[in-house]
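**Student:** Chains A and B, in that order, are what the protein sequence lines are.
All letters in the first sequence, in the order written, are residues 14 to 293 by the working numbering.
All letters in the second sequence, in the order written, are residues 29 to 289 by the working numbering.
Among the chain A residues that face chain B by a calculated CB cut under 10 angstroms, a handful are:
no.: 1; residue: Val199
no.: 2; residue: Asp211
no.: 3; residue: His225
Taking CB as the label site, the calculated pair distances span:
no.: 4; chain 1: B; residue 1: His137; chain 2: A; residue 2: Thr75; range: 48 to 56 angstroms
no.: 5; chain 1: A; residue 1: Pro73; chain 2: B; residue 2: Leu82; range: 36 to 44 angstroms
no.: 6; chain 1: A; residue 1: Pro275; chain 2: B; residue 2: Gly59; range: 13 to 21 angstroms
no.: 7; chain 1: A; residue 1: Asp273; chain 2: B; residue 2: Tyr117; range: 26 to 34 angstroms
no.: 8; chain 1: A; residue 1: Arg284; chain 2: B; residue 2: Pro122; range: 23 to 31 angstroms
no.: 9; chain 1: A; residue 1: Pro183; chain 2: B; residue 2: Leu82; range: 43 to 51 angstroms
no.: 10; chain 1: B; residue 1: Lys257; chain 2: A; residue 2: Pro73; range: 46 to 54 angstroms
no.: 11; chain 1: B; residue 1: Tyr117; chain 2: A; residue 2: Thr33; range: 22 to 30 angstroms
no.: 12; chain 1: B; residue 1: Glu143; chain 2: A; residue 2: Asp79; range: 55 to 63 angstroms
no.: 13; chain 1: B; residue 1: Cys258; chain 2: A; residue 2: Arg137; range: 52 to 60 angstroms
Derived by calculation from the structure, the hints in this document are not laboratory data.
Backbone N, C-alpha and C fix where the C-beta goes; we use that ideal spot for every residue, glycine too.
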Amino acid sequence: MTALLDVRNLRVTFETRKETIEAVRGVSFAMGREKLGIVGESGSGKSVTGRALLGLVRPPGTVTADQLLFDGVELRQTDPRHLQAIRGRRISMVMQDPKYSLNPVMTVGEQIAEAYRIHARASRSEARRKTIEMLEAVRIRRPDQVYDTYPHEVSGGMGQRIMIAMMLIPGPDLLIADEPTSALDVTVQLQLLAIMDDLVQQRGMGLIFISHDLNLVASFCDRIIIMYAGRIMETCAAAELQHARHPYTRGLLHCLPQIDTPPGALPVLKRDPAWQDGTP
Amino acid sequence: MITVSGLDVTFGRGSRALRAVQDVSFEVEAGSVYGIVGESGSGKSTVLNVLSGLNRHWSGTVTIDGERLALQRDRAFHKKVQMVFQDPYGSLHPRHTVDRILSEPVTIHQLGQVETRILEALGDVGLGPEFRFRYPHQLSGGQRQRVAVARALILEPRILLLDEPTSALDVSVQAEVLNLLTHLHQQRNLTYIMVSHNLAVVAHMCRRIAVMNRGAIIEELSVETLRNKCPEHPYTRQLLKASIGYDRESAETLEEFDLNE
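One chain only, chain A, in its complex shape:
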């Protein structure tokens, strides 16, 4: 099997007046059409990794890699125009908060239709029909009514479904979801994950699911990458997470309060400076 995405030695650095911050320091992984989770705490470089894949890291940030191979195309050498054809159409991204990702002065239907028309060169009526189909696919009731609403009129869960509809309408091969459900209630989160799960399976897409929630990722994804300080600490099958070997992963698992364990002091994560230069 050829990998859908093959990343070798990805590095992202931010040059500031005072210092150079290395946000991602040599990340390598390959994935097929599967659900891959990237887990880490704030500052671990998980979001920057996702953005770097799409070329969304802005100056002063710089991205280098030995290889960024997407479905046989080397993304690093692709000129901006070709990259534009891949970005959005073949790789798309859902961000954490729909409130900041949707255009507030455009109806949600128009926004989704726009995403379709840019990539598919369809007529207005065709785009509208496709959009309503897509809204149905993310299980929005009365899609023709929702088409004409503005982002401020919909709830957080609905907004995130709209985002997902918009990202999936060009039919991408890879979806990068950066904390897509972190701002939502647990029941809404569950519904949204089920929608993404079904769509990924039906369309045979790859999914990179970036999250801080270790247990959620373990129950949702096929494989998990655990990041710390810009490096990959460990990669494991989601089902094997409980048997993770790296002390950081184990520390993260242990410091979570559990519903069914009696109270007592929670074990506190002791960070080992060696992890910073750490093992892959």
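Add chain B to chain A, keeping to what the hints say.
**Tutor:** Chain B in isolation, oriented as in the chain A frame:
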């Protein structure tokens, strides 16, 4: 002992009125930790805002140690009841040093010995004296939340209202802050009312737990019942299931729970 009975809060008026809290009643024993869980919009934070005096548009009866609370609170009340907010990035003044943040309540309440109190409060939350003249932006999220706890504790209150005190923090930092809160509770025999959307956090901290949905308490249960995963109300059971993790099948069985059904 804190008692709340028949608490009602309505936002807006006329046809646009929203009853955010509807006939909420509960009791909290002195020295215990009481939890309120619910999803967004359930009214859990509004209840806390009424208790702390931040919301003055409510009806019902709230008593603390037998004394009935008025809409307007006096200084003695704030000496006894303090609050810690969710977001330590928003609840500390960005242009005040830790020293100024901590000295303000002491000055307002004219307690004197500002310096010793500040150093003591910092020590209590596990921060050294070197943090005293720092600004919030020079602190990590966990350190900020410790400062927020120190600011609440510096008046030596009996009751601490905690509004999602760890949900803006990383899990490793959350463990530290929860341990700190547990330690302070045991050491000082404080009473906590803790609001959270995270069942695991509430199960870890609280002895009794109220579950809120659409403005009402739909179930009050002991932590043992929660731990054994046998709550009575279907809404609580659904919340519990959804908290455990992703499961394709349980996503299919989710129901809407409305008060009027």
